[in-house]
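Dock chains B and C against chain A, hints included.
Protein chains in written order, with our numbering: chain A, 1 to 441; chain B, 1001 to 1196; chain C, 2001 to 2288.
Hints in this document: simulated from the structure, not taken from any laboratory. These numbers were taken from a predicted model, which means no experiment stands behind them. For glycine and all other residues, C-beta sits at the position ideal for the given N, C-alpha and C. Among the hints, erroneous ones may be present.
Stated by the list, open to error - Straight-line C-alpha distance at most 30 Å; calculated DSSO-like pairs for lysine-lysine:
{"hint": "1", "chain 1": "A", "residue 1": "K179", "chain 2": "B", "residue 2": "K1128"}
{"hint": "2", "chain 1": "C", "residue 1": "K2187", "chain 2": "B", "residue 2": "K1089"}
{"hint": "3", "chain 1": "C", "residue 1": "K2218", "chain 2": "B", "residue 2": "K1089"}
{"hint": "4", "chain 1": "A", "residue 1": "K429", "chain 2": "B", "residue 2": "K1016"}
{"hint": "5", "chain 1": "B", "residue 1": "K1089", "chain 2": "A", "residue 2": "K164"}
{"hint": "6", "chain 1": "A", "residue 1": "K179", "chain 2": "B", "residue 2": "K1016"}
{"hint": "7", "chain 1": "A", "residue 1": "K414", "chain 2": "B", "residue 2": "K1089"}
{"hint": "8", "chain 1": "A", "residue 1": "K159", "chain 2": "B", "residue 2": "K1024"}
{"hint": "9", "chain 1": "B", "residue 1": "K1006", "chain 2": "A", "residue 2": "K161"}
{"hint": "10", "chain 1": "B", "residue 1": "K1005", "chain 2": "A", "residue 2": "K161"}
{"hint": "11", "chain 1": "A", "residue 1": "K399", "chain 2": "B", "residue 2": "K1089"}
{"hint": "12", "chain 1": "A", "residue 1": "K399", "chain 2": "B", "residue 2": "K1129"}
{"hint": "13", "chain 1": "B", "residue 1": "K1024", "chain 2": "A", "residue 2": "K414"}
Said to hold, decoys possible - Far from chain B, by Cβ distances over 12 Å, these chain A residues were calculated:
{"hint": "14", "residue": "L191"}
{"hint": "15", "residue": "S321"}
{"hint": "16", "residue": "I409"}
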Amino acid sequence: MSLLKYESTLREPLVDGDYSVYREVTYGIGQWNLNKTIGWGWDITNFVWWVGIGHAGTLISAILLLFRQGWRTGVNRAAEAMTIFAVMCAGQFPIFHMGRVWDAFFVLPYANSRGPLWVNFASPLLWDVFAISTYFTVSLLFWYSGLIPDFATIRDRAKTKARKLWYGVVSFGWTGSTKHWQRHESLSLVLAGLSTPLVLSVHTIVSFDFATSVVPGWHTTIFPPYFVAGAIFSGFAMVQTLMLVTRKVMKLDDYITLGHIEAMNKVIVLTGSIVGIAYLTELFMAWYGGSKFEYDAFYKYRIAGPYGWSYWTMMTCNVISPQLFWSKKLRRNVAFTFIMSIVVNIGMWFERFVIIVTSVYRDYIPSSWSVYYRPSIWEVGFYLGTFGLFFTCYFLFSKFAPVIAIAEIKHVLKTSGESFKEKMDVIEKESVEHFAHGHAH
Amino acid sequence: MGQVKKYIVGCFDDEKVLFPAVKKVRAAGYKIQDVYTPMPIHGLDHALGMRETSLHTAGFIYGITGTTTALTCMSWVFTSDWPLNIGGKPHLPLPAFIPITFELTVLFAAVGMVLTFCYLCQLAPFVKKHHFHERATDDLMVMVIECTERTNEEEVKAMLNSNGAVEVNVQEAPVGWWLGRYDRPSKLFKTREVAY
Amino acid sequence: MSIDLNTCTGCAACVVACTAENNVPVVGKKQVAKYHEMHWLRIDRYYAANRKDQFDDVNVLFQPMLCQHCDNAPCENVCPVAATNHSSEGLNQMTYNRCIGTRYCANNCPFKVRRFNWLDFTGADSFPDNQQPLIDEGGMDAIVMDMNDDLTRMVLNPDVTVRSRGVIEKCSFCVQRLQEGKLKAKKASRPLIDGEVKTACMQACPTDAIVFGNYNDKESRIYKIRKEEQTKRTFYALEAIHVLPNVNYLAKVRNTDRHVGVKEEEHDGGEAHEAKKEEKKEAVPSGH
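Just chain A, with the same shape it has in the complex:
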């Protein structure tokens, strides 16, 4: 049973996204409702949102591997795939928000005959270029190197010629040799060890886009840890959204258990609390710091004023709602978790919106304060297009690649899937006393 049957409904946003981008590149960014004061709106909000979502995948694969958390094996492959697709979606925004997209290659430092004219290595946007492309490459490599043995498993079990051919190509001729596994383990461990600081650094660098500016409301040193915690928060929420649907549709309840869901919810409540503390710290420093501009930016133009509604939406979704996960009953409830994961994602979108738009719409000089920014249909279309891209890629992945890390689960369970299921069937049929008795020895 695959998720691909839902793909046709998602083809529409993808096509609508293409048209929005085509219009923007041909006619100009003036069609968006950005202006001389609000230079970044939905475009960069969406960029940071997607990048944040991507971070959970790496966290699950890499950081949990280093912490020897065996339960990650149920969800890590799909989470890594989610990372790659989220970063692909994120990358659309910095590229297409440029006024002259066709000159986007100017950001690459390559030897040229214009001087040679290099790039500004001290600019946070350039750090972004390196960070996002490194993150994408490393995530792709980590994901793919884990997939090689799994593709080999499918290749060897394949019944049709076409499957044998294609899975043969993508499995690179993997045999399962012990020496190769030894190298593979070493590779996975080092890639995990590299990915962990990479995840932290990438979102830190994204936060530097704001933290290193002089705009009040952006210029704060709390951004790096706050953004990283927020990324993990929204990423885990997106993993929950995808995992709950995948497990239901593909009947993987035995592999993605309530235990997995509960563990992820614990991470959500932890990172949600960190994000909440960061919000309060920002408010405190705006009051304590003495800068009139920063004080006004928070107390007059953010928590109140025309955008007050967005701030309080953010607070409700991000701070108040995850606290409900302190209750074990709610942590282990699938329907509640699904709803909460959507709420958290919405809240995190609003966080980026609040940070970007409400800081910049009323900054230092009042003569520049501009209108209330509403997104144009093209910005909304572009955003929906990235959803189309993301879900199309995810569905294609779930159809053609193994959603669960086969070899890793076997490694953790020390047995194959069928044997595990047989054992569980036996255990489930036993009586409670027999089970307790058997395990006491």
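Structure of chains B and C alone, referenced to chain A:
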């Protein structure tokens, strides 16, 4: 395809049975070509007497290369090639170089390691090797013993059976890898025949 | 550059001169309503009034706001492609053909003096026919099509680039005039004389509020204003951010016999009157 050799193949389905079997086979002096498993098994590489991989050392070296490349290039560009006054910042803003240096370290280490891994394990699209058992990537652990002229096949087969092998057979297989497609069977040639 | 807020009358001749000199595009009403106007120089108005009688008795202050050419420019630091940097003479330079339009510099400018070419306002685009469809949809005024006509194009200053869609532009201290003046001086084998080159805004100002010159030249007017004549009135906009602007303003001084913006208490007796007499001679500066 290269040389063809003869192998005796023993399949096990439990690692608790596999380890003693490996020990006995090695003690008896037979050469284990490899053990093919569906997942990595802790301690198997040591049981087989394999040396530790130095892939992580290679990764470290690639990382250092990345750091050096980043710092050297950026410093040269900003101080010697075309120094610009950007916001009054110094021409060698080392704190500003940190993010890119770190990213390139990670990038070089990761890409280098993966390419080295693929090279060492002879992995690439359209690479085909001889697979001793189709369930080696599924649920069987496949031990492959190389046959020399002195090997007594029946003795080896008996030993494997007595040590808990669920399946034992003899195969002739080409060594190494070749380019091929998995949907077509690979023909086995004992020697290379040259057609005039 | 020094701008004297005392003599500035807010007539905006400088704005018109700048726009004419630098080929600043006209965008039309609809785009101005979207805050997409392109003026490099604007006149900010500040009102000094008692809050309660806000519109009864108001004094206004005009402050022309242009690129401050900051030595510690927040815009230069953040451009990823190094499209904006500082010249050795202290000008903040803008390289139109390098700009890819990320708008980070415009966001980071605390004075908000950078302007982005949101649409094809000048007809200079290589994408053909990307103005008419937008005009037909009602997003843009037809006035932008005027510049596509060869005769109308003759109003453009040939010394100044016409910027295409997607690049940022801002006040350049009329660098084309500076270059012309420097070249003339070089050919005559002499340094630039103070007052020889004037920016368009300086040239147009009827009250000589704007003074531009070489601060390193100790004989120049700008040096004398900042260091000798008007030391008490000299201030920089948003000085606390420490962007080190190269444009200083001279504070407005009002000589009135009453507090600005406070209505006279007519039926109040001698007390208030006496208090006010003491303050009679005191000039109340009301600059921002």
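Tested hints:
1. K179/A to K1128/B: Holds, because 17 Å separates the two Cα atoms, which is no more than 30 Å.
2. K2187/C to K1089/B: Given that 30 Å is the threshold and the Cα spacing comes to 34 Å, the pair is violated.
3. K2218/C to K1089/B: Status holds; Cα separation ~27 Å.
4. K429/A to K1016/B: 26 Å, holds
5. K1089/B to K164/A: 59 Å, violated
6. K179/A to K1016/B: 20 Å, holds
7. K414/A to K1089/B: The hint is violated at about 58 Å.
8. K159/A to K1024/B: 37 Å, violated
9. K1006/B to K161/A: Distance of about 28 Å is within 30 Å: holds.
10. K1005/B to K161/A: 28 Å, holds
11. K399/A to K1089/B: Measuring from Cα to Cα gives roughly 52 Å; hence the hint is violated.
12. K399/A to K1129/B: 27 Å, holds
13. K1024/B to K414/A: Holds, at roughly 22 Å.
14. L191: 6 Å, violated
15. S321: 33 Å, holds
16. I409: 8 Å, violated
In the structure shown, a violation is registered for the earlier hints numbered 2, 5, 7, 8, 11, 14 and 16, in ascending order.
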